[in-house]
Amino acid sequence: MAPPPEPPVPGRFPPDPMVPCVARVRRRRRDAPQVWTLDLEVDDGDGTKNFPFAPGQFNMLTVFGVGEVPISLSGDPTKPGCLVHTVRAVGAVSNALARLGPGDPVGLRGPFGAGWPMAEAAGRDVVIVAGGLGLAPLRPALYQLLAGRARYGKIVLLYGARSPDDILFRREIESWRRRLDIEIEVTVDHASSVWHGHVGVVTTLISRADFHPLHAIALVCGPEVMMRFAITALRHSGLGDQSIYLSMERNMKCAIGFCGHCQFGPVFVCRDGPVFRHDRVQSLLALKEI
Amino acid sequence: MEGLERIVKEHPFFAGLEEGFLNLVCGCAKNVRFEAGQYLFREGEPADQFYLIRHGRIALELTAPGRGAIIFQTLTEGEIVGVSWVIPPYRWTYDARALDLLRAIAIDAACLRQKCEADHDLGYEMMKRFLPILVQRLQATRLQILDVYGAPA
Amino acid sequence: MDTAQQAVLTIDGLQILLDALRQRGYRVVGPTVRDQAIVYDDIASIDDLPRGWTDEQDGGHYRLIGRDDEELFGYAVGPHSWKKYLHPPLLRLWSAEHDGQGVRVVAEPDPDERFAFIGVRSCELHAIAIQDKVFLSGDHVDPHYRARRQDAFIIAVNCGQAAGTCFCVSMNTGPKAKAGFDLALTEVVGDSGHIFVVEAATDVGRAVFAEVPHRLATQDEVAAAESVVTQTAASMGREMHSDDVHELLLRNLENPRWNDVAQRCLTCANCTMVCPTCFCTSVEDSSDLARAESSRSRRWDSCFTMDFSYIHGGSVRASSHSRYRQWMTHKLATWFDQFGTSGCVGCGRCITWCPVGIDITEEVRAIRDSEQH
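Residue numbers (this note's numbering), protein chains in the order written: chain A, 1 to 290; chain B, 291 to 443; chain C, 444 to 816.
Everything labelled a hint here was simulated from the structure, so no lab data went into it. Glycine residues also receive a C-beta, built at the ideal position from the N, C-alpha and C atoms. Each statement offered as a hint is correct.
Just the calculated beta-carbon pair ranges, DEER-fashion:
| no. | chain 1 | residue 1 | chain 2 | residue 2 | range |
| --- | --- | --- | --- | --- | --- |
| 1 | A | Gln242 | B | Leu424 | 29 to 37 Å |
| 2 | B | Ile435 | A | Ala147 | 33 to 41 Å |
| 3 | A | His196 | B | Glu308 | 36 to 44 Å |
| 4 | A | Ala92 | C | Ser580 | 30 to 38 Å |
| 5 | B | Gly358 | C | Arg535 | 54 to 62 Å |
| 6 | B | Gly440 | C | Arg547 | 35 to 43 Å |
| 7 | C | Glu805 | A | Ala92 | 39 to 47 Å |
| 8 | C | Gly468 | A | Ala147 | 56 to 64 Å |
| 9 | C | Arg547 | A | Ala92 | 19 to 27 Å |
| 10 | C | Ser580 | B | Leu424 | 51 to 59 Å |
| 11 | B | Pro379 | A | Gln242 | 49 to 57 Å |
| 12 | C | Glu727 | B | Leu436 | 31 to 39 Å |
Same shape as in the complex, but just chain A (with noise of 0.2 Å):
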C-alpha cells in the first residue's frame, strides 16, 4: 500500500478554509519567458510570520476580483519567512498574477497536498528528474536535501527544458554546480549553437546517470507525457514503482477535496497527491482521459 503521508504541516487556516489571508508581494522576478516568481510574505499585523511547508505542497493563490489558482511552492522550506511561488503566466489569474508588484496584496490560503517523501530518501541515492515548470515544485525538495546533505547517497538532478532561455533558476543550477555533492546534467529539446551543453529529451540523461538503482528514490516532476517516459526509462534502469514519485496536476477550485474537480480516478489531487507515489497511479496514467 502506499506508504504514510508526510507528517501533516500546520497550515494558517481560518475557521473556514475557503477564506483567504492576505499576502503582500516582497519581490517579482522573471525566470523565463512567461515564466514569473513572486516573493510573497504574510503579515498578520505583529512582524512577518513564518509560515512552514513541506516540499511540493502548493498554496492556492487569489487575484482580487480576478480569481485563484494552485501554485507550487518553489522555496526554501528552511526559510519558512518567505514565501516563494514561481507561476506560468497562461491564463488569465496567473497573467494577473504575473502583473503584480512589489507591495501587492494577494490571497493566500494553505499550504496544502502532500509533498515529496523526504523521509523516505533518507540514507538512499536521490534521483531528481524535472521537465520545463517542473522543476519549480522539486526546487524545495533539493534545498532540504542539500541542507541536510549528509543523510542522503548520492543527489543526481536531471533537468530538460525547452531551449536555453527557458531554464530556470539558472544561478541556481550554477551553484549548486560548483558542489562537489551534486550531480546535474541539464538538456534541452533544441538550441543555437552557441549552447555548449546537452540537447535531447531528459529521459536520455537517466541511463547514464550515477545512481545504485537497488537503494534509489526518485523524484519526477513535469508535463504528464515527460514524466510518462522518465518512469520508464526510470523502471528501465532497475528502479521499482515504489521507488517512484510523481507530482500530479489537475483543475483545482478549492484544494480541500470539496469542489470534486481535481479527480483522478478515485484519488484527489489536491489533498491525497499532488504527489503519488507510482504504484498507486500506474493504471491510471495508462488511461486516456480519466
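Starting from the structure of chain A, add chains B and C where the hints point.
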C-alpha cells in the same frame, strides 16, 4: 591493428561482437580525432563513414534561414554518430560538430556495406545493433516534437 | 420498534406539528406542487402539501397525476433534493474591501436559521448521510454545510409507493426510514381513517412531538404502517445488482459500452443537478468596476461540463464518453474508495430527469452482461 581491435571491441556499440566479425569490421576502421568546433561532416555530403565516439561530445545541427544553426541532439561517448550511410542516397541529412576535443573510430561505410553484402550474417549482426538505437532515437524524437514544455498556443 | 413507542397523528395533528416547529423558530420546508412537479419549498400549512397527487416516472418522463384519495405524501421524489438547502446552489464565501492600506477579507456569515424538513424519504436520509461524510468527516469541514445541517429537524416519511425509476431496495437504502431522522411518519388511509403512524427517534424529536396531540398506535395500526412499506418494497420500478459494482466498473473502464452511452448523452448535467449526493462546485470571483470591492461565490458545478477538468490548453476529459464514464464510475465505484459507501441511493432521479432517458441501472446491467461473452 591489435590496439584498434581492442578499442572497437570495447565500444558499447560492438560489445559482444564475435571475433570473426570484429576482424571484418576493423578492416574498415581507423582512429580519428577532431578539435573542438570542427565539423565531422555537413548536410548533403556523401555519408561515407560513421563514427563510434570514444571521448568527447558532438552536436547535431540543422540550419534554417532566419534561425541560424539549431542543435537538435547531442551525443557523447559510447554512442554512435551517423545512420545515413545505411540507406541510399548515402548523404548526410544534418551537420555534426565536435563540441569538445573528440576521439572516435571512423568506420568506412562503403567498405562495411560491401562486407555486409558478402556476408549476410555480418549484415544481420550490424542491423541488430543499429535498429535499437534508431528506435530509441525515434521515441525520444517524438517526445521532443511534442514540445511539452512550451506554453500552449 | 416497540409498538408502545409508536404514536398516531391525525391530519390536524400534523398541522399542529408544523406550527410547533415554526413557533420554535424553524424554517419549515417540504414538498409542494409548482410548475407541474413536486418540488421542495417553504411550507406554512398542510394545504401547501401535494394532497391527492402522485407522480408517474420513467426514463426521461415525469408527470403529476391526480389520485383518487387525499394522501399528502402519495408520490416519490421530484427534481429537488434536500441538498438545495444544506449545500446551496449559490453561496457567497467572502468579500474583500480594498482601500489605500490594503485588502480586508470578510467571511460571509451563514444565515441564522434552522431548517425543519418534512417529507424526507429513506433514500434521501441516506443521501444526507452520504453528504455528511463528504463535508463533515474529512480533514477539512465545510462550515456552511455544518451550519445548515447541525440543527436541522428531520421528519421522514416512509414511502407509500415506489415510482417507476425507484430502486432503493437494491441499494439497501429503503423504503423504510431506519436512521437519521427526528420523527418518521407512515401515512395510512384505512380503518382508522387518514392517520400518520409516528416514530420518534431523538430527544429533540420527542420534545417537539410532546407538544402535539397524539395517541399511542394500536398493534393493527403499526401492522398497517409496516404493510405500506412492504408493499412499496415489492413494487420497485428498477433494480441494480449492487454488491459487485465497484469491481465491475473499475475493470471495465475501456468497455465499448461507454461509447454507446456517449452517443446518447447530451452532457446536459441534469443528472448531477437532481442527484441528491452530487456535490461538485466551482467558484467565481467578481468585483465592482472600481475594484474597491471584490468577492467570491461558490456555485454548483457538474463533471459533465466541458471545462470541468480544464488544465493549461485543454480539458483532461474532453469527450462526452470520458465525462459520462467519470460520473458513473465516481457515483458507483470510486465513491467507495473515497468515502466507504456507494454514492448512489437508488432514488432514480437521474433516470427520470435525463432528457434522453439514460438509465444507470441499465448501463450497469449492460456492462455486466458484456462480460458474459
